[in-house]
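Line by line, the protein sequences are chains A and B. Positions 0 to 398 (numbering that gives the first Met the number 0) are the ones given, in order, by the first sequence. Positions 0 to 250 (numbering that gives the first Met the number 0) are the ones given, in order, by the second sequence.
Just so you know, not all the hints are guaranteed correct.
Said to hold, decoys possible - Dumping the calculated DSS-like pairs for lysine-lysine here, alpha-carbon to alpha-carbon at most 30 angstroms:
{"#": "1", "chain 1": "A", "residue 1": "Lys345", "chain 2": "B", "residue 2": "Lys125"}
{"#": "2", "chain 1": "B", "residue 1": "Lys125", "chain 2": "B", "residue 2": "Lys218"}
{"#": "3", "chain 1": "A", "residue 1": "Lys216", "chain 2": "B", "residue 2": "Lys218"}
The hints are simulated quantities; they were obtained by calculation from the structure and are not laboratory data. This structure is a prediction, so every number in the text was calculated from the model and none was measured.
Listed below, chain by chain, are the residues.
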Amino acid sequence: MFSRGSKAPALIALVASALGLLFASNSTFDYAAHLDRRLHDVHCSFIPGAAATPEAEACRAAMYSPYSALLKDTYWGGIPISLFGLGAFCFFAAFSLYLLLAGERASRRTLGFFALIGLTPLCISLLMLTISLTQLGQVCKTCAGIYISSALLAFGAVTAWLPSRGDASRPVASLALIPAWLVGLGVTTLVPAVVYAASVPDQRPYITQCGEIKQPKMKGDNPVKIRGSRAVQQTMLFEDPLCPTCKAFHDRLVTENIIEKLDIDLVLFPLDNECNWMLDTALHPGACIVSKAVLCGEGNSRAVLEWAYDQQEFLSRAGKAGENTLRAAIKQRWGESLLRCVDDRKTDVRLNNHLHFASENNIPVSTPQMYLGKRRVCDEDTDLGLRFTLAQLAPEVLK
Amino acid sequence: MTQAQDPLPKTVAMSGAGAGAKAAGIGLAAGLVLMAGAALGVRSWTSSAGQRLTEPEKEKPKVAIADQAEVAYCTPQFKQVLERVLHSCGLASEGEGARRGCKPADVKTFASISDDDFNALFTPLKDRGGVVMFDEGRDDLDDKAKKLLEERWYARKGARYFFVVARASKTGSVSKNNALSHRRANSVMFFLTQLAGDPEIEQKVGLLWLGNEFAQLSKEYCGWPNSRPEEKCDEEPINRSAFVSWVDCRL
Numbered sequence: 000m001f002s003r004g005s006k007a008p009a010l011i012a013l014v015a016s017a018l019g020l021l022f023a024s025n026s027t028f029d030y031a032a033h034l035d036r037r038l039h040d041v042h043c044s045f046i047p048g049a050a051a052t053p054e055a056e057a058c059r060a061a062m063y064s065p066y067s068a069l070l071k072d073t074y075w076g077g078i079p080i081s082l083f084g085l086g087a088f089c090f091f092a093a094f095s096l097y098l099l100l101a102g103e104r105a106s107r108r109t110l111g112f113f114a115l116i117g118l119t120p121l122c123i124s125l126l127m128l129t130i131s132l133t134q135l136g137q138v139c140k141t142c143a144g145i146y147i148s149s150a151l152l153a154f155g156a157v158t159a160w161l162p163s164r165g166d167a168s169r170p171v172a173s174l175a176l177i178p179a180w181l182v183g184l185g186v187t188t189l190v191p192a193v194v195y196a197a198s199v200p201d202q203r204p205y206i207t208q209c210g211e212i213k214q215p216k217m218k219g220d221n222p223v224k225i226r227g228s229r230a231v232q233q234t235m236l237f238e239d240p241l242c243p244t245c246k247a248f249h250d251r252l253v254t255e256n257i258i259e260k261l262d263i264d265l266v267l268f269p270l271d272n273e274c275n276w277m278l279d280t281a282l283h284p285g286a287c288i289v290s291k292a293v294l295c296g297e298g299n300s301r302a303v304l305e306w307a308y309d310q311q312e313f314l315s316r317a318g319k320a321g322e323n324t325l326r327a328a329i330k331q332r333w334g335e336s337l338l339r340c341v342d343d344r345k346t347d348v349r350l351n352n353h354l355h356f357a358s359e360n361n362i363p364v365s366t367p368q369m370y371l372g373k374r375r376v377c378d379e380d381t382d383l384g385l386r387f388t389l390a391q392l393a394p395e396v397l398k
Numbered sequence: 000m001t002q003a004q005d006p007l008p009k010t011v012a013m014s015g016a017g018a019g020a021k022a023a024g025i026g027l028a029a030g031l032v033l034m035a036g037a038a039l040g041v042r043s044w045t046s047s048a049g050q051r052l053t054e055p056e057k058e059k060p061k062v063a064i065a066d067q068a069e070v071a072y073c074t075p076q077f078k079q080v081l082e083r084v085l086h087s088c089g090l091a092s093e094g095e096g097a098r099r100g101c102k103p104a105d106v107k108t109f110a111s112i113s114d115d116d117f118n119a120l121f122t123p124l125k126d127r128g129g130v131v132m133f134d135e136g137r138d139d140l141d142d143k144a145k146k147l148l149e150e151r152w153y154a155r156k157g158a159r160y161f162f163v164v165a166r167a168s169k170t171g172s173v174s175k176n177n178a179l180s181h182r183r184a185n186s187v188m189f190f191l192t193q194l195a196g197d198p199e200i201e202q203k204v205g206l207l208w209l210g211n212e213f214a215q216l217s218k219e220y221c222g223w224p225n226s227r228p229e230e231k232c233d234e235e236p237i238n239r240s241a242f243v244s245w246v247d248c249r250l
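Sequences and hints are given; from them, build the entire structure.
What follows is the structure in structure tokens.
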């Protein structure tokens, strides 16, 4: 593709490394910013240098996902994998610069080595892309920026090596350089992660600062029971089936296999003023009806809840379109008898009791909320810090 | 012959090796600089997050707290009467022996307001509540009364307390009407207990029985929603009644 002696492949690899470095920096910066337990805008654009934005659902979903970091039980939020990308792209940038300057004086072995290790970011990117598509159902633009940079780097590395095959004029490099380069790559890749791990703030004093529930059990009318197959921890959840954050939280509990260790009392707290007097306008129109469907699920309530989460976009649109559209969707999936239950006045009363339980406990009007026994898990500890918080407050859940 | 062979390529090779070494040196230096930069950047980001963590958030978004409903008619005066009813008539008391309900003398004492002012307090509840009508001298609920009670009971929404204000008309003696209005309040309470199946209903329902001594309703209350809208109404039948309503006030 490129002529022998062309510097274009090394230049491409250098540009790709610089781009990868930039995207990995943005991702790491966003992750580190959240260590203050506050909400921040997130970088989520293909354009290098584009500002962070509050409209970054896909990037936020990726950040909160279990695949975004390692050692989440040990460090609050874990060690973001973008740190390894940050370090590795430093190495690749430096190596590309060397190849660019060395030109034909770079040995065939050097180019071969670079072609080989230049493929590793692409392999990891393909793995992460597969996870994004199959597990998260969306691709964040910053992540895609890293994937594209990795592909470009692989292209540069391979096309730098291809013309050098059989080129006897190139100097011969010592074999001993290869382990040295590998050590260099390893050190450069690990240094940012080690620095991060050594400097993350201690979150332990904060995770117990979000109060307790006054009544840990609902009196009279029972909450929805969702008992995991290996339940060891009494938990109370306040959820709204049409709330996207609740869906993401529920997905995390399922994906990380935490839900099977929980004995959940689910209290439905729809943010819809059709039944919830605490709101002036409906945040999630139709949530009252869907909540009643969950109540009517009885032994099948978890399945109804998960159906509502799976179909959340459709149900939210149906909720905005009107009650009848929503009722039709419920009837189509769960049948006439469940719909009759939804329309029964006793179900209204039951849902009303859930809302009164929330008001008697003066909980914040937000969803989701998690209580381990009596203790409220802070909102910020239900996403990035979930595993760390559970490791501290209910370690048996993670065993 | 062989000694004199190409000295130039050796020079070129030497200079090539030198340039290669220089390129390697630059590459190595760049790598170290980038790695140090990355490490410093990461350190700075985590440190500044740690710094913010210890500082209180200046513009922390306020989150509403779940609570019972509180609507416009919950004036201080209304709430004062409500509170006195709850405490004086046993609704807010706990434990055995707590009194249940308020008789006319209690109401007169604690309300400390005129009959008309007392009734006016309930005016905003016109559409929220309803008047359950009784036959003369009777305290049993007919089907329409039960239907009205059922409708009103299930329309709870965010209210914490349900009020039952039973009355009796002027016909008959004071003591007889006092007892009659008490029985009417109890009939409503008995029906609600059966309807709700709620073990905590006593903490929700406030009973007042006014006999014919206090806060009689004028004819204009015939226009309020009641269980016998088709029947002729004046000051006699409208006071053979129990006014019921959820009250959307916090205390």
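Hint-by-hint comparison with the structure:
1. A:Lys345 <-> B:Lys125: 25 angstroms, holds
2. B:Lys125 <-> B:Lys218: With a Cα-Cα distance of about 14 angstroms, the restraint between Lys125 of chain B and Lys218 of chain B holds, given a limit of 30 angstroms.
3. A:Lys216 <-> B:Lys218: Violated, at about 48 angstroms.
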